[in-house]
Amino acid sequence: MHLKYESTLREPLVDGVKDYHQVTEDIISPIEAKPGKLWYVGFFISLLLLGFGIFSVTWEVYYGTGVWNLNKTIGWGWDITNFVWWVGIGHAGTLISAILLLFRQGWRTGVNRAAEAMTIFAVMCAGQFPIFHMGRVWMAFFVLPYPNTRGPLWVNFNSPLLWDVFAISTYFTVSLLFWYSGLIPDFATVRDRAKTKLRKLLYGIASFGWTGSTKHWQRHEALSLVLAGLSTPLVLSVHTIVSFDFATSVIPGWHTTIFPPYFVAGAIFSGFAMVQTLLIIVRKVLKLEEYITLGHMEAMNKVIVLTGSVVGCAYLTELFMAWYAGVPYEFATFYKYRAAGPLGWSYWIMMTCNVITPQVFWFSKMRRNVAVTFVMSIIVNIGMWFERFVIICTSLYRDYLPSSWAYYRPSWPEVGFYMGTFGLFFTCFFLFAKYFPVIAVAEIKSILKTSGESYKKGMEQYEEQSAEVFEAGLHHHDDHHHDTHGAVAHAHN
Amino acid sequence: MAVKNFVVASFSDEAVLFPAVKKVRTAGYKIHDVYTPFPIHGLDHALGLRETSLHTAGFIYGITGTTTALSCMSWVFNSDWPMNIGGKPHFPLPAFIPITFELTVLFSAVGMVLTFCYLCQLAPFVKKHIFHPRQTDDLFVMAIEVTAKTNTEELKSFLASIGGQQINEQRAEAGWWYGRFDQDDRLFEAKRVEAVNA
Chain A
1 MHLKYESTLR EPLVDGVKDY HQVTEDIISP IEAKPGKLWY VGFFISLLLL GFGIFSVTWE
61 VYYGTGVWNL NKTIGWGWDI TNFVWWVGIG HAGTLISAIL LLFRQGWRTG VNRAAEAMTI
121 FAVMCAGQFP IFHMGRVWMA FFVLPYPNTR GPLWVNFNSP LLWDVFAIST YFTVSLLFWY
181 SGLIPDFATV RDRAKTKLRK LLYGIASFGW TGSTKHWQRH EALSLVLAGL STPLVLSVHT
241 IVSFDFATSV IPGWHTTIFP PYFVAGAIFS GFAMVQTLLI IVRKVLKLEE YITLGHMEAM
301 NKVIVLTGSV VGCAYLTELF MAWYAGVPYE FATFYKYRAA GPLGWSYWIM MTCNVITPQV
361 FWFSKMRRNV AVTFVMSIIV NIGMWFERFV IICTSLYRDY LPSSWAYYRP SWPEVGFYMG
421 TFGLFFTCFF LFAKYFPVIA VAEIKSILKT SGESYKKGME QYEEQSAEVF EAGLHHHDDH
481 HHDTHGAVAH AHN
Chain B
1 MAVKNFVVAS FSDEAVLFPA VKKVRTAGYK IHDVYTPFPI HGLDHALGLR ETSLHTAGFI
61 YGITGTTTAL SCMSWVFNSD WPMNIGGKPH FPLPAFIPIT FELTVLFSAV GMVLTFCYLC
121 QLAPFVKKHI FHPRQTDDLF VMAIEVTAKT NTEELKSFLA SIGGQQINEQ RAEAGWWYGR
181 FDQDDRLFEA KRVEAVNA
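Going line by line, the protein sequences match chains A and B. Each step along the first sequence adds one to the number in the UniProt record's numbering, with nothing skipped, and position 235 is 235. Each step along the second sequence adds one to the number in the UniProt record's numbering, with nothing skipped, and position 8 is 8.
Take these hints with a grain of salt, some might be off.
Between beta-carbon pairs, the in silico distance windows are [claimed, not checked]:
#	chain 1	residue 1	chain 2	residue 2	range
1	B	91	A	378	44 to 54 Å
2	A	284	B	161	20 to 30 Å
3	A	313	B	125	48 to 58 Å
The set of hints was computed from the structure by calculation and includes no laboratory data. Note that CB positions come from ideal geometry on N, CA and C, so glycine has one too.
Isolated chain A (complex conformation):
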């Protein structure tokens, strides 16, 4: 029951005159139609990239990590940069679905499904980098603590790299469970309206036999709420732990206590940018502009400008502390080799893309402009890639010993590996966009009567009434508890 009252002053979350059936039609029918030409082109390009990635990785596994341009000084290069970048992108989905659920932000319903899918695919991409950086990848299972025949020699539970193993795998599992439990009812919707036998069979399997029973919904709600409650600290912990990989070391430029909040803000920043990039395309291609509205984009742009500014503050704080702490090595890292020096250009790309350009989102006109948002989302992701590159490489390439100073540029297998993860990401996303309900159908239906445009219009007459008149009107209804709703329905008729 939608007893929650929402002011008509708030922008509707679902545009147009719609009933429940229309919502189903709009969101499910792209699954039932043949994909367009663009889909095939995009999917084919993704597969090509994925293929090239597999080739590059095979090359690396066969010849060893020596084919990467890493050296004694720069032990972490593109691989860990890409790892942190992808994990960061993977933060928006859970943030949208968990934190915004706890904060009762209705707008999350339009974008959460796609954002969660993006999270899962991004974490899959991220995981590849540390695994293949191990070199002898067939021994990757050594990171798991299990009673083994080597002593048993256990993993070091004090190591942040091991914390990462636990954090990333937990994050992936919980995000997957959260995403899939939300998908079950929507798969049932696809199944029950399916015309072909194959679709009935496959969505029948995927929907786990969901019927929509009241008791099941009650448990489903409880499950979603608790999973959201668990995911909220989880999403913060994951990038905190990723930042510990650096912060617990003694390398100037890494050894800073500001890293956890700074990394989390950066992760949300880049994650929302990636959600924008994908959703701007999805809403256009699948004609879902009435569900993923300009209001949704504006809300996300607000998050982008907030987190971008947090990140900007962190950059300045780092610079200040490097000077204020009075440690010559810290000072040298930040002022001589990061903001200047042979890799200084990457620092200024980072500063421009992450701190300066997102300030356009202080203007409502810019936040609601699709083209600006799309371009900005890509700029932000370039900037956030460079942030990780700057943190990792500019802290390493000027060592304590000038004799070990080095420069770093990637070799083709490193670039190929990165391109391959794009292939993996977009292959998954194209399949998702074609075969999965890209918007949470059941959740949209549950906010339709409070936040749908046509229903909000119906409430306007009640907004203008005084409280006394409204209350007097209530007593005409039989059932006292459901008055607000009755009023909405009545107004709609």
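Could you slot chain B onto chain A? The hints should help.
Only chain B this time, still in chain A's reference frame:
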């Protein structure tokens, strides 16, 4: 698990459904279930269902994870293979926190989802009777169990009077069975019951 007879009515609006549920219950009929395309807050209370204890289960799974993580790590570092890592203590509690936290969340989430699937009998290849194909689309479908005392015709006209639409009778398995949604229901039990009656 039994094949039962049901009288099924559909409602197209929550505003009609709620008073209808109340009236059906007051009239003494046994509502088998109400199927809805999305969660309707308050319907569980209207149907007299008790609150779910899934959160409690989640809490128990969570503390199981906490205990598992802490006890395993301390056992490894203190008794199974005490190792001197840079002179650091063998029970470095702060360094154990991240993994402890992650396992708490992992156990709780996995445990809750499995419990949820078990309680609601959800699994791949599980099939249940769908009373109306649009109960996952836009209709709120009420299934009332026909008992020995039920006057079906009276019930049907009663449902019609309180706003029910597309009222019909269905004979169906009330539980779940392994099956495929692209094939017709195979009600083995139904045949058996009929054979016994004949």
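Structure-based check of each hint:
1. Separation of residue 91 of chain B from residue 378 of chain A is about 48 Å and conforms to the stated range, judged on CB atoms against 44 to 54 Å.
2. Judged by the Cβ atoms, the range 20 to 30 Å given for residue 284 of chain A and residue 161 of chain B is violated: they are separated by roughly 48 Å.
3. Here the CB-CB span from residue 313 of chain A to residue 125 of chain B is close to 53 Å, well matched to the stated 48 to 58 Å.
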